[in-house]
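Participant: Sequence:
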Amino acid sequence: CLGAGRQRSGEAIDPSVGLEAVGRVGDEVSTGDVVARVHARTAADAERAREGTAACVVIGAERPESRPLLLGSVGFDVPSP
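Here the sequence shown is numbered in the numbering used here, starting from 91 and rising by one per residue.
Do not rely on the hints blindly, as some may be mistaken.
[Unchecked claim] Between beta-carbon pairs, the in silico distance windows are: (1) Glu118 - Ser170: 45 to 55 Å; (2) Glu137 - Pro171: 48 to 58 Å; (3) Arg98 - Asp135: 12 to 22 Å; (4) Val168 - Asp123: 41 to 51 Å; (5) Val112 - Val164: 25 to 35 Å; (6) Gly122 - Asp167: 44 to 54 Å; (7) Ser170 - Ser120: 25 to 35 Å; (8) Leu161 - Val125: 21 to 31 Å; (9) Ser170 - Val125: 43 to 53 Å; (10) Gly100 - Phe166: 23 to 33 Å; (11) Val148 - Glu110: 41 to 51 Å; (12) Thr132 - Glu152: 34 to 44 Å.
Hints are computed from structural coordinates only; laboratory data are not their basis. From the three backbone atoms N, C-alpha and C, an ideal C-beta is built for every residue, glycine too.
When you get a sec, could you build the whole thing from the sequences and use the hints?
Facilitator: Written as structure tokens, this is what we have:
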């Protein structure tokens with residue numbers, strides 16, 4: 091856990107940590123290209139996040155099908171004043 095989120099409302103959020111995507115889905119990449127950056131407090135946190143992030147990234151010969159940016163929304167109607 092990098093500390094960028096929280097599990098309970100009273101927990102602090104550390105804005106200096108997190109994951110940063112570099113480029114977009116479908117971009118062409120070559121060996122050695124950076125596709126994501128991990129911002130972490132410690133080397134151990136960075137390595138854990140790198141391993142978890144690497145498991146979510148697929149690099150292949152075919153460009154993936156484009157998908158909608160938003161799949162849906164959750165909300166409620168606000169009455170007019």
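Participant: Is 48 to 58 Å a correct range for the gap between the Cβ atoms of Glu137 and Pro171?
Facilitator: Taking Cβ atoms as reference, Glu137 and Pro171 lie about 53 Å apart, which means the hint holds.
Participant: Given a hinted range of 12 to 22 Å, is it respected by the beta-carbon distance of Arg98 and Asp135?
Facilitator: Holds, at about 20 Å.
Participant: Just tell me: holds or violated, for the beta carbon distance of Thr132 and Glu152 against 34 to 44 Å?
Facilitator: 37 Å, holds
Participant: Between Ser170 and Ser120, does the beta-carbon spacing fit 25 to 35 Å?
Facilitator: 54 Å, violated
Participant: Mind checking the hinted window 23 to 33 Å against the Cβ distance between Gly100 and Phe166?
Facilitator: 26 Å, holds
Participant: With respect to the beta-carbon atoms only, verify the hint that Gly122 and Asp167 lie 44 to 54 Å apart.
Facilitator: Holds - the Cβ-Cβ distance for Gly122 and Asp167, about 51 Å, lies within 44 to 54 Å.
Participant: Between Val148 and Glu110, does the C-beta distance stay in 41 to 51 Å?
Facilitator: With a Cβ separation near 18 Å, Val148 and Glu110 fall outside 41 to 51 Å, so the hint is violated.
Participant: Tell me if the beta carbons of Val168 and Asp123 are separated by a distance inside 41 to 51 Å.
Facilitator: Holds: the Cβ-Cβ distance is about 45 Å, inside 41 to 51 Å.
Participant: Take the C-beta atom of Ser170 and the C-beta atom of Val125, compute their distance, and say whether it sits inside 43 to 53 Å.
Facilitator: Hint holds: Cβ distance 46 Å, inside 43 to 53 Å.
Participant: CB of Leu161 to CB of Val125, is that within 21 to 31 Å?
Facilitator: For Leu161 and Val125 the Cβ distance comes to about 23 Å; the hint holds.
Participant: Taking the Cβ atom of Glu118 and the Cβ atom of Ser170, is their distance within the range 45 to 55 Å?
Facilitator: 49 Å, holds
Participant: Take the C-beta atom of Val112 and the C-beta atom of Val164, compute their distance, and say whether it sits inside 25 to 35 Å.
Facilitator: 29 Å Cβ-Cβ, so the 25 to 35 Å window holds.
The structure is inconsistent with the numbered hints 7, 11, although it conforms to all the rest.
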